[in-house]
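So the sequences go chain by chain: A and B.
Its first residue numbered 1, the first sequence is counted upward by one per residue in the working numbering.
Its first residue numbered 1, the second sequence is counted upward by one per residue in the working numbering.
Since the hints were derived computationally from the structure, they do not count as laboratory data.
Wrong hints could be hidden among the right ones.
[As the list claims (entries may be wrong)] No more than 20 Å apart at the CA atoms, straight line, and that leaves these computed lysine to aspartate or glutamate pairs for EDC-like:
id, chain 1, residue 1, chain 2, residue 2
1, B, Lys76, A, Glu58
2, B, Lys198, A, Glu58
3, B, Lys255, A, Asp46
4, B, Lys258, A, Glu58
5, B, Lys80, A, Asp64
6, A, Lys24, B, Asp256
7, A, Lys104, B, Asp18
8, A, Lys109, B, Asp18
9, A, Lys24, B, Asp18
10, B, Lys80, A, Asp46
11, A, Lys92, A, Glu70
12, B, Lys258, B, Asp18
[Unchecked claim] Derived coverage of chain B by chain A (criterion: at least 3 residues anywhere in the stretch with Cβ under 8 Å from a Cβ of chain A; other residues may be distant):
id, segment
13, 5 to 18
14, 82 to 89
15, 248 to 258
Backbone N, C-alpha and C define an ideal beta-carbon position, used for all residues, glycine too.
Residue-level listing of the chains:
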Amino acid sequence: MQVEDGEVFGFLGPNGAGKSTTIKLLMGIIFPTAGSAQILGKPVSDVSMHRDIGYLPEQPYFYDYLTAAEVLDYFARFHGFNAAERSERVQKMLKKVGLETAGKIQLRKYSKGMLQRVGLAQAILHDPKLVILDEPMSGLDPVGRREVRDIILELKNAGKTILFSTHILSDAEMLCDRVGVIAGGKLRGVGTPGSIVGVKSAGMEVVFELADGAAAQKIREKATKSGTNYRMSVADAELYAALEELKGAGAKIISVTQIKPTLEEFFMELVGKDRAQAAAVEVSGQ
Amino acid sequence: MSRILIVARNTFREAVRDRVLYNLVFFALLMIASAVVVGQISMDIETVVMVSLGLSAISLIGLLIAVFTGVGLVSKEIDKRTLHAVLAKPLRRWEFLLGKFAGLVLTLTVNTAAMAAGLFLAMLFVKHSIVRGDAVVLVAVYFILLKLALVVALAMLFSCFTSPLLAILFTGGIYVAGLFVAQLRNLQSTQITPQLQKLLSILSFLLPNFENYDVMGAAAHGRSIPASLALHNTLYTMLYCGIVLSVAAVIFSRKDLK
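Whole structure, please, built from the sequences with the hints as guidance.
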């Protein structure tokens, strides 16, 4: 697997697939029993390249006796910034991750989401070329996730290379130039999100409103109701016939969208295959 | 070097914020109570009692901090996973280890210096004067500090490859054994075989010799301590700490963190 310069690369896989293990290997937190990896052309054992890397650990935890500003200042010191630079960068980062008002509170009083923000701030504090984020959205509320997405896009626009792991597929589909899918400790595919899951349509979904009436009864049976709307899935070839039928019943069409297989389905398929394989091995073993 | 100092500074700050230095309040109360009691009950031996008591308290409090905090220096960071973000910085693992060691030794230095100041105040209260000969107490305090540095190094070594509880037991065990190095070396008994005797003798050279640091008797009675012993103890501590920390660094550098 190779991550190219300047791209946003999503590292996908279900829980326990080996995403964090791979990232820990890259960061020198654990050591490989076989194989090798390089970052920015240097072997991962070379600590000097950490100058150009930012890393957000999974469920990050920092010294809880420090405030957010102090912990960022501590990390900034390792990069050799002087006092004025450190102060400026720390304030800028706190603002960027929405913690400017909480910068002077000890981290022991922080929520999980706030710690995640501190983690993100320390990862990008030194303006690294490569940012590695392990589950950056976990523990965040929808607003926080949106903010993290914006930061990732901002980093991308600034020409940074970003590798992030996630099991939240919509994030990957939204942000990634390419994804790598890992399951059961093995890499199952690398490519654009579209190429991984295929672009073949799986039908059309029609969303509509429907007034009461005898003519509508048949349609109601085929559709599912959510709120005041109904939704109905039809094969591509049957779309026009279905629309005619809806028109005849006096339905008001809200939207017609193509149903594409999602990464989620790709995931489920992979996990399903793994389980089937594991079961087969178990049976043959017996 | 600067990266080691960054870690050391933060380790000191952690100790201060975790209220490690609060033990000084206990020491101060002990000194005040002792000075009052000793001043009332003894005639000629008040200084001996005061110095012995003070140095014992400095040593014991220091040992407790050195063992318990020393064991937690690295293991706590591994357990809480605070190390992950730190090691992602341009910092080598041995630098981190050395920084942690330096930070705790700095904490112990400040703590021991404060306690020594307390002891001198108590001596002043009891004797009504401090004379030049009392400087020997400072040498005794310096030896305690050297001993504590060695204990911290041992605690860190054990915490690199075993659980915190076992590391505390190992460090405590080595410390106690190190107090009887001379006896171990010159053990003459018909009860043990010559092979075992030889083994114990070899062991006595490997164990840290904590006996050399104990000059409490001399300090309490105002006897001078030879400069050669001060030099010997200083070099011995530096060498022994160097070896122990090097082994710890090798183990820690290869350790898979969870």
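A quick look at each hint next to the structure:
1. B:Lys76 <-> A:Glu58: 18 Å, holds
2. B:Lys198 <-> A:Glu58: This hinted pair is violated, its Cα atoms lying about 53 Å apart.
3. B:Lys255 <-> A:Asp46: 16 Å, holds
4. B:Lys258 <-> A:Glu58: 12 Å, holds
5. B:Lys80 <-> A:Asp64: 10 Å, holds
6. A:Lys24 <-> B:Asp256: It holds: about 10 Å lies between the C-alpha atoms, which stays within 20 Å.
7. A:Lys104 <-> B:Asp18: Answer holds: A:Lys104 to B:Asp18 is near 18 Å, not above 20 Å.
8. A:Lys109 <-> B:Asp18: Cα-Cα ~15 Å, so holds.
9. A:Lys24 <-> B:Asp18: 30 Å, violated
10. B:Lys80 <-> A:Asp46: Violated, at roughly 25 Å.
11. A:Lys92 <-> A:Glu70: Given pair A:Lys92, A:Glu70 holds - Cα atoms ~14 Å apart, limit 20 Å.
12. B:Lys258 <-> B:Asp18: Given that 20 Å is the threshold and the Cα spacing comes to 25 Å, the pair is violated.
13. 5 to 18: holds (count 6)
14. 82 to 89: holds (count 8)
15. 248 to 258: holds (count 3)
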